[in-house]
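Chemist: Here is how the chains run, residue by residue.
There are 2 protein chains.
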Amino acid sequence: MGTTTYSEGLLPYIPFYYVIWSDDLLSASEVQVVKKAFESDESLSDDDKTVLESWLDKDNPPKNGEIKKWQQLITESHATLIESEIYPLEIFSQKVAQYYGGDPKPNEQLQEIERNLGIQPNHYNHLFNVEVVHQPFSNHYDGFKIDILLNARFENELQVFRKFLEWPIFKWEIPRDKEEARSKVLEQLKVLSAHGWGALAYPKAYGGKENIESYASIFEHLMFVDGSLAVKFGVQFGLFGGSVHHLGSKRHHDLYLEDTGSGRLLGCFAMTETGHGSNVRGIKTTATYVHDDRVLVIHTPGKNDNKEYIGNALHATMATVFVQLIVAGKAIGVHAVLVPLRNDKHELLEGIHIDDNGHKLGLNGVDNGKIWFNQVKVPVENLLDRYGSIDPNGKYRSEIKNANKRFFTMLGTLVGGRICVAKGALAGSNMALTITAKYALKRRQFNDNIKIQEDLLIDYPSHQLRLIPKVASAYVYHIVLQRAMQDYAQSEHKDKRKIETQVAGLKATITHFSTVAIQECREACGGKGYLLENRIADLKNDTDIFTTFEGDNTVLLQLCAKGVLSDFKSELNSDGFVSVLKLLGTRISDRFATINPAYVSKVDSTHLYNHKFHLHALDFRLRRLTYTAAMRIRNYIKKGMPSYQAFLKVQTHLIELGRAYSEALAIKWYYDFVAKMDDGDYKELMYRLGALHGLSTIRENTSWYLEQGYFGSTKSKAVRQRVERLSTELRPHINALVEGFGIPDHLLTAPIAD
Amino acid sequence: MGTTTYSEGLLPYIPFYYVIWSDDLLSASEVQVVKKAFESDESLSDDDKTVLESWLDKDNPPKNGEIKKWQQLITESHATLIESEIYPLEIFSQKVAQYYGGDPKPNEQLQEIERNLGIQPNHYNHLFNVEVVHQPFSNHYDGFKIDILLNARFENELQVFRKFLEWPIFKWEIPRDKEEARSKVLEQLKVLSAHGWGALAYPKAYGGKENIESYASIFEHLMFVDGSLAVKFGVQFGLFGGSVHHLGSKRHHDLYLEDTGSGRLLGCFAMTETGHGSNVRGIKTTATYVHDDRVLVIHTPGKNDNKEYIGNALHATMATVFVQLIVAGKAIGVHAVLVPLRNDKHELLEGIHIDDNGHKLGLNGVDNGKIWFNQVKVPVENLLDRYGSIDPNGKYRSEIKNANKRFFTMLGTLVGGRICVAKGALAGSNMALTITAKYALKRRQFNDNIKIQEDLLIDYPSHQLRLIPKVASAYVYHIVLQRAMQDYAQSEHKDKRKIETQVAGLKATITHFSTVAIQECREACGGKGYLLENRIADLKNDTDIFTTFEGDNTVLLQLCAKGVLSDFKSELNSDGFVSVLKLLGTRISDRFATINPAYVSKVDSTHLYNHKFHLHALDFRLRRLTYTAAMRIRNYIKKGMPSYQAFLKVQTHLIELGRAYSEALAIKWYYDFVAKMDDGDYKELMYRLGALHGLSTIRENTSWYLEQGYFGSTKSKAVRQRVERLSTELRPHINALVEGFGIPDHLLTAPIAD
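For the protein sequence lines, the chains are A and B, in the order given.
At the far end of the first sequence sits residue 754, using the numbering used here, and the numbering has no gaps.
At the far end of the second sequence sits residue 754, using the numbering used here, and the numbering has no gaps.
Same shape as in the complex, but just chain A (with noise of 0.2 Å):
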């Protein structure tokens, strides 16, 4: 038994005040629950309570050598930290307390504090020098749980399709020569849809089953198995049944929609030309009404208007081509014809030529091609005409009068794709996650020259820093991208340019955050992150094209900046007085915020961690920069600067527009789902997610919010600490939070993730 000069009760609190003080932990919030608890805790003399108190005062800490003073005690007591008890640091506190002759017994004021100051061993089990009992992660959560909770509107089905994956032609292989990998690809797909899982979204007359959610979640586990299968399964079922399920209509349906939900009929979605990729409206290719025989002629002008990045061009047998449209001499705009490409035997129609894309840095197992038309016949009657058709007499019809409208009409079907390339590239940096997740949690390097064992990754600082706010991002955008697909599906005949600005915005916001979570994930697994067997490879090679295919990001969080300002101007056009009264009274309230100094360096850590904080910082900022966007336009435009040179002119900032705007709408739909969710620990645990993943965004912004006033710099400073704390914090539920994302061990090959 050890001798010391601090009474009895004192003892069990000194492991938490030496923790406390070794590491600044303390904000206003989190004093009180200090003082609460041992206010309350009965086995304390006034005097001991007195000191307590004294102890407290962020004006006046501890001195140094009072806090070495706490750590020899410590030390010296030889007690042994055991990680994996419901309150590590309180039985260790009793432990170190009974060596110097204390009664060890459970003190609730003490848990208190362990508990709502979320104080985690690894946070403090390097500042002590004894003894200490790992636990690699905790099981206080269980994944299996979350993914029950993340996935409860299609647990059934997902139940039943993961274990459909267990099939051995879905296993994961290595070697990778384009035309086998290629061939590979298409069986799978072949059994896919012979078993149903192609025609999902499709009406149930046509063997589905109407749910492009369900669709839309087994796209993304499909990634699990290979990034080749989900491309051609969306190439398939989503584009090109998608198109003639969208654009065309009931003849189309009725001829095309069941075989190509059963994979009888395979399609390629022929949009992209060698010249127009982004620019759509610019494509070559003519589709030329004749009326005599009531035909449309599809023909490639020119030396680069052949179509090309073309899926599913070597094996299918139908193309929905993209065509400027050609009546009575006239440019019609747009449309959609379906048009033969081979016969029963595998041979090209006349006039049509196809060749390979070659090899690519990814998706090796989808065959992309180029496709050129000769002067190519089809009848009318393949327009896809749900928007527009050729009536009888050869006179052009369609409901949708405005040219400009019509096209975005037919463009709006690609909604539902870029939701699901969205979903795609998160479920790939899901599985890198996981991957990264599990060998952080054996991988081993460097220690304490006094310990045998060396450190685990995930115990150091940067690789929780590099690893945990993305897992919490990812959670956030699992629940956007859900919410995402539910509202389009209930669109349907709904005005659809609000759901797209959304979409174009999420999927390049969100398909950015797999790219770099891949690429950190293959930096922090180091060698075994290059080497194929690990996957990792795999998932980035294959998502890296997310970013530029279904609309590339940088145009797109153009087109939703754009959507943003015309929303915009409509709120000040719609009834114009009110409305710049409404515009003035935000901005008054928003100078309010910048300038009242409680808000600006309101660093507390139950002000930091509430939503509410998030929730404003992201509107603010999408606010001011609409505003400003706005302000600027009309500016050149008022110097007499034409409108399309005006929006170049403030370019980067309506892309930093975009991404404001697609940050906020993510934040705000997360915790309107939180919102609903049964109170209890799980609830909480989402909380947690959504402050790590806001304060993170509000990080990255950190130089605008300080350049706008928003907050000064000892909040900015609190900020980053606060990420770097709440990373530590969810370290031991790292287990729990990847097994979450409900990726099926069977498909998690990875040697290092076993």
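Wrong hints could be hidden among the right ones.
Which copy? The list can't say, so a pair holds if one copy fits it or any two copies do.
[To be verified] Straight-line alpha carbon distances no greater than 30 Å define the calculated DSS-like cross-link-like pairs of lysine-lysine that follow:
(1) K145 / K612
(2) K638 / K405
(3) K36 / K68
(4) K717 / K668
(5) K209 / K190
(6) K602 / K717
(7) K649 / K35
(8) K649 / K602
(9) K438 / K303
(10) K370 / K303
(11) K442 / K562
(12) K209 / K676
(13) K612 / K717
(14) K438 / K284
(15) K171 / K209
(16) K178 / K370
(17) K438 / K649
(18) K204 / K717
(19) K36 / K69
(20) K612 / K602
(21) K250 / K204
Because the hints were derived from the structure by calculation, they are not lab data.
Fit chain B to the supplied structure of chain A, relying on the hints for placement.
Modeler: Frame of chain A, contents of chain B only:
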């Protein structure tokens, strides 16, 4: 002829003023440029000058109505803007004036404004509603001359080598079966070595030229051929040959160096183990000295103790194996031993087992493998004994008594390799930037309604911003790595600690830069960037591991930071009081800078473009982060925390410090180089590139500078605007700049870069 109320003298100034006010171009120094110009313009009346002066007042700018009038006046002139003129805006302005009855003659004052304000056609051609005769890029600078300026030290050798690379065997090909790729790379390696290119760094007595700088330049160029070739070349001649050269003694040189240089002896460098990568000191392979037989017994003790990722493992006949040396039962620490792997028939020798590491994300032309040793005996003479040997009595001898120092001295031989890795990464991103810039100079997408031709990608502000600052940084880093290699070459017999710190930071910073830059290039080229034929895919995958091998970036940044801190500590300790005073002086002057409002809010372009500002800002960051890291560690230690834990606590701070050190060093070395250039256009260009890199680097850390009060929000915004402005100013020279990277045309095989 049109009519106008403006005087004849004012007319040619109007397009200039329109450009200036449409764009908020004016900083105080720029106002001076304009003022000086018109004041000395003899064609102007005093009234004209009064008007021109009144239009220059930032506090009372011309009304929008006035500016709009200018715009209409310009539009109605129907003057044609010809971008290929030497002074396009001045010539254009004369044409506008002529339309309204002006007398067109060259105006030197306007030329002065055009030159000094860096007004570029792409900067204003959008502002006018007139016909524009575009010139995709300017020929003001010559890429070939830039290349010579950069590589003056090896220009002759490089020209010969570039010609040499025209041999058909170096032709890049798409299909890449792993085995075929390895065979081809092996063959290429043998051709190179047969012609003496491998031995460049070795002593003349062994067929070399004792020129490691040339060697590094050659290595860099091999990246343009194939990343696998570069890496295999580096393993054979740099790592294996380098270990024989630097860790061995004359006996080893005589036996192996000539054969290594000529490629007759293929070797590998077996340091990393599955269980120990970054923590080299923890490797487990043993070499136990047996005195009776004068042999070392090489052994792999446990499951994860095999060597891994060893390049050349399948082709090599010998390996430099890093082991724990055990003499008379005592562990002496890490040493290197030459171990034969295979016999003349290329069969593995007894006790040696080698497995293929299999498919990797990139570099599949390199035969990486795992190696196990089962009690393999080699003569004691095989110990590379420059820093430690076993004498005839079986006693261990070393001139370096301190085991720690001995370890770091041996690892110091890795420094050259680290410079080469950074050079290779940079060569990779230079090639990607070249391809991307060339594509952006011909790819068009979207346009204004009134225009027939779509806009070039490079003319979009967002595209300029994603590429041009990276091109500028590439220039800075190229110069910096040349300097590092020069210093390293000259450090042969000196204390290498300083250059180690420098290279650790630079390797991490530059390989990270390259990874980010190549990713940006892939995305900036859209779908074309995803096709293997366009090379970016390979550059991306091949260089991806450069952030990991020869030292993981996260570990290296901490190594660098620790070097900085130990310098700081010895500076403090060296002569006690004086250095503390110096430190105080530093802090005081920093504080002065941060509170001097004139500096904090100085936004004039003369100041922002000045290299002294960049040097000061980056050095300020370095000094402040050094000081605060040191103080934080000291405070933790004062509270009784063991130093290992204290360092862990500030880990993310240390990583920032490592970055800050590297960036401050890079800009210093770059400006040192530029200062020594001959005066003239090219020197000015290099200063502008430095400014863009400097401002971009400051911009990346804006939030930190704002937090520190180093500058205020006005300056912060000005820095951002100047990054965009400089990118625009350099845009006409982008072709010359990427040609200045000196990549031979015959190696630039990407179709999109044609």
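Chemist: Hint by hint, where does the structure go against what was stated? Just the numbers, ascending.
Modeler: Per hint list: single violation, 18.
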